[in-house]
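Construct all of the structure, not just a fragment, from the sequences and the given hints.
Residue 758 is where the sequence shown starts when you use this note's numbering, and the numbers rise one by one after that.
In short, the hints are calculated from the structure, not lab data. The beta-carbon is built from N, C-alpha and C at its ideal position, and this holds for glycine as well. Honestly, I wouldn't trust all of these hints.
Listed next, with one range per pair, are the computed distances between beta-carbon atoms [to be verified]:
1. Asp-770 / Thr-802: 28 to 36 Å
2. Pro-787 / Gly-767: 12 to 20 Å
3. Glu-783 / Arg-803: 29 to 37 Å
4. Lys-827 / Pro-786: 14 to 22 Å
5. Ser-811 / Pro-787: 12 to 20 Å
6. Arg-782 / Ala-831: 14 to 22 Å
7. Pro-780 / Arg-803: 27 to 35 Å
8. Val-759 / Ser-811: 17 to 25 Å
9. Thr-806 / Val-759: 17 to 25 Å
10. Pro-786 / Arg-764: 17 to 25 Å
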Amino acid sequence: LVYGTLRRQGTYDAIVAACIDRPLREVDPPVLDVLNMGVHQLLGTRIPTHAAVSASVELARVVLGEGRAKFVNAVL
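Quick look at the structure:
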């Protein structure tokens, strides 16, 4: 998962940037990492959509807190 995310980081950054209403540089790096991994799961794997979103939101909730998890959920 991490290898695929890093390999396509530029593409995933552009996708995330198109989905949010603030400059990408204003997004905390750990949040952007979770978003990019979520985008990779959605676009680069056969993981079902609901599972990819759920796993990304849960990771954000446990590691980053509830507020950031809600942001990840909204973006994905």
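Hints, verified against the model:
no., hint, verdict
1, Asp-770 / Thr-802: 28 to 36 Å, "18 Å, violated"
2, Pro-787 / Gly-767: 12 to 20 Å, "19 Å, holds"
3, Glu-783 / Arg-803: 29 to 37 Å, "32 Å, holds"
4, Lys-827 / Pro-786: 14 to 22 Å, "18 Å, holds"
5, Ser-811 / Pro-787: 12 to 20 Å, "19 Å, holds"
6, Arg-782 / Ala-831: 14 to 22 Å, "19 Å, holds"
7, Pro-780 / Arg-803: 27 to 35 Å, "32 Å, holds"
8, Val-759 / Ser-811: 17 to 25 Å, "19 Å, holds"
9, Thr-806 / Val-759: 17 to 25 Å, "20 Å, holds"
10, Pro-786 / Arg-764: 17 to 25 Å, "18 Å, holds"
The structure does not agree with numbered hint 1 stated previously, though it agrees with all others.
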